[in-house]
Amino acid sequence: DAGITQSPRYKITETGRQVTLMCHQTWSHSYMFWYRQDLGHGLRLIYYSAAADITDKGEVPDGYVVSRSKTENFPLTLESATRSQTSVYFCASTPTSGSNEQFFGPGTRLTVL
Amino acid sequence: ELKVEQNPLFLSMQEGKNYTIYCNYSTTSDRLYWYRQDPGKSLESLFVLLSNGAVKQEGRLMASLDTKARLSTLHITAAVHDLSATYFCAVDIPDMRFGAGTRLTVKP
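Protein chains in written order, with the numbering used here: chain A, 1294 to 1406; chain B, 17 to 124.
Check each hint, because a few of them may be wrong.
[Claimed, not checked] Only pairs whose alpha carbons sit at most 20 Å apart, straight line, appear in this in silico DMTMM-like list of lysine to aspartate or glutamate:
| # | chain 1 | residue 1 | chain 2 | residue 2 |
| --- | --- | --- | --- | --- |
| 1 | B | Lys19 | B | Asp111 |
| 2 | B | Lys123 | B | Asp98 |
| 3 | A | Lys1304 | A | Asp1346 |
| 4 | B | Lys33 | B | Glu74 |
| 5 | B | Lys19 | B | Asp108 |
| 6 | B | Lys72 | A | Glu1394 |
| 7 | B | Lys19 | A | Asp1331 |
| 8 | A | Lys1350 | B | Glu17 |
| 9 | B | Lys19 | B | Asp46 |
| 10 | A | Lys1350 | B | Asp111 |
| 11 | B | Lys33 | B | Asp111 |
| 12 | A | Lys1350 | B | Asp108 |
| 13 | B | Lys19 | A | Glu1365 |
| 14 | B | Lys57 | A | Glu1372 |
| 15 | B | Lys57 | A | Glu1307 |
| 16 | B | Lys123 | B | Glu31 |
[Said to hold, decoys possible] Here are a few chain B residues that sit away from chain A, every Cβ distance over 12 Å (derived from the structure):
| # | residue |
| --- | --- |
| 17 | Met29 |
| 18 | Asp82 |
| 19 | Ala94 |
| 20 | Ser100 |
| 21 | Val122 |
Since the hints were made in silico from the structure, they are not lab data. In this text, a Cβ means the ideal position worked out from N, Cα and C, and glycines have one as well.
This is chain B alone, in the form it adopts within the complex (with noise of 0.2 Å):
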C-alpha cells in the first residue's frame, strides 16, 4: 500500500528553538514537495526536492531528500511565531500523495 507518514502529527514549540518535521514514503519516488497551509486558507508551495541528496533552504527553514531511505526532512532553526502552521509532504508516485500534515505551533 502506497503510505506517505509523516511525523510528529502535532508539535508546539518556544520560539527560538529547533526541530525537525519526518517524512517517510513507502515507494520508489525522487520527487517530494512541502506545502504550507495556514489555517482556513490553500495550501502553499515551500520547497520542491527532485533528486537524492537534494537540499533547499529559505530563511528558518530547510528541507532535505533521501531517496534511498525514503524520507525527507523538514528542519526548523530558531522558530518564530509566523512559522505557526500546518506542514505537509508530498510524494508524487506518480500521481501526488499527501501526508496527513504536521501541525506546528510556535510559543513566544
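Excised from the complex, chain A in its bound form (with noise of 0.2 Å):
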C-alpha cells in the first residue's frame, strides 16, 4: 500500500528485552522521523534521519537506537527496555525540500510491563 506504514499496531514486552518497531514508506521522502507521544507532554522527536545512512539525535534520544540503510525503512530500536518507554510511537516522513509538512504513519502502541 502507499503511503506511511507501522509494525506492530501493538506490542506488549517485559523490561529488559530489546524491541524493534518498524516503519516503511513508500514516497521516496528523504527525511523519517520517530515520535513518542504521552500524556501531557504532546509529541516528542527521538531521532530523525535526512538520507540513507544519515541520523541524528531528537529532544528524546536516550534508550533508542536507529538504523536507515534504505530509504524507505526507518526502524526504531529499544535495546533494553524500560517501563518508562511505554508510550505511543509515531514515525513520519516529508521530501526534501519544499514546506517541512511531516506526514504521520498510524502509530505503534508499546506496553512495557
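Hints in hand, dock the two standalone chains.
Here it is, written out as C-alpha cells:
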C-alpha cells in the first residue's frame, strides 16, 4: 500500500527485552522521524534521518537506536526496554524540500511491563 | 530552553460558538504547522504557515502566524461536533517541536 506504515501496531514486552518498531514509506521521502506521544507532552522527537545512512538525535534519544540502510525503512530499536518507554510511537516522513509538512504513520502502542 | 506552548489545553465549546487556540513559541522560526488528531488515531496535517502574516483557512478553521510575536492562532468559527479532536501546533526550530495539544470538545 502507498503511504507510511508501521508495525507492529500493538506490542507488549517486558523490562529488559529488546524491541524493534518498524516504519516503511513508499513516497521516497528523504526525511524520516520517530516521535513518542505521552499524555501531557504532545509529541517528542526521538531520532530523525535526512537520508539513508544519516541519522541524528532529537529531543529524547536516550535508550533508543535507529538505523536507515534504505530510504524507505527507518526502524527504531529499544535495546533494553524500560517501563518509562511505554508510549505511543509515531513515525513520520517529509520530502527533501518544500514546506516540511510531515506525514504520519498510524502509530505503534508499546507497553513495557 | 525551546518551548512551544499551547493554550488552552482543554476546551469545551457549544456548537455554533467561536473560539481561538493560541500557540506561543520561544525562539525564532517562520515555519509553523497545525495538526489534528482524533482519539486513537494518527496526526493529520491541517495548515502549513511559512511566513510572517500567513493566513490559511479551511472550512470553519483559520490559522495565522505572527513571527515577530512568536504566536500562531487557530480560530474556530461556528463550531460543529465534527471538530472535536486534539489540535497540535508544531514549530520547525529546526527539528520539529510540538505543543502539548488542545483537546477540543464541541457539545450540541
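Does Asp98/B lie within 20 Å of Lys123/B when you go C-alpha to C-alpha? With Cα atoms ~10 Å apart, Lys123/B and Asp98/B stay inside 20 Å; holds.
Examine each Cβ of chain A, and state whether all of them lie more than 12 Å from the Cβ of Ala94/B. Correct as stated: the minimum Cβ-Cβ distance to chain A is 27 Å, above 12 Å.
Quick one, are Lys19/B and Asp111/B close enough, alpha carbons at most 20 Å? Measuring from Cα to Cα gives roughly 12 Å; hence the hint holds.
Agreement of Lys19/B and Glu1365/A with the hint, judged by alpha carbon distance not exceeding 20 Å: Judged against 20 Å, a Cα distance of about 31 Å means the pair is violated.
Does Asp1346/A sit within 20 Å of Lys1304/A, going by the straight-line distance between their CA atoms? violated, 27 Å
Within a Cα-Cα threshold of 20 Å, do Lys57/B and Glu1307/A meet the stated pairing? violated, 25 Å
Mind checking the alpha carbons of Lys19/B and Asp108/B for me, to see if they're no more than 20 Å apart? The hint holds at about 12 Å.
20 Å Cα cutoff - pair Lys57/B, Glu1372/A: violated, 27 Å
Between Lys1350/A and Glu17/B, is the straight-line Cα distance small enough, at 20 Å or below? holds, 17 Å
Agreement of Lys19/B and Asp46/B with the hint, judged by alpha carbon distance not exceeding 20 Å: holds, 15 Å
Within a Cα-Cα threshold of 20 Å, do Lys1350/A and Asp108/B meet the stated pairing? With a Cα-Cα distance of about 15 Å, the restraint between Lys1350/A and Asp108/B holds, given a limit of 20 Å.
Is the nearest Cβ of chain A still more than 12 Å from the Cβ of Met29/B? holds, 21 Å
In summary, the structure is inconsistent with hints 3, 11, 13, 14 and 15 from the numbered list given earlier, while agreeing with the others.
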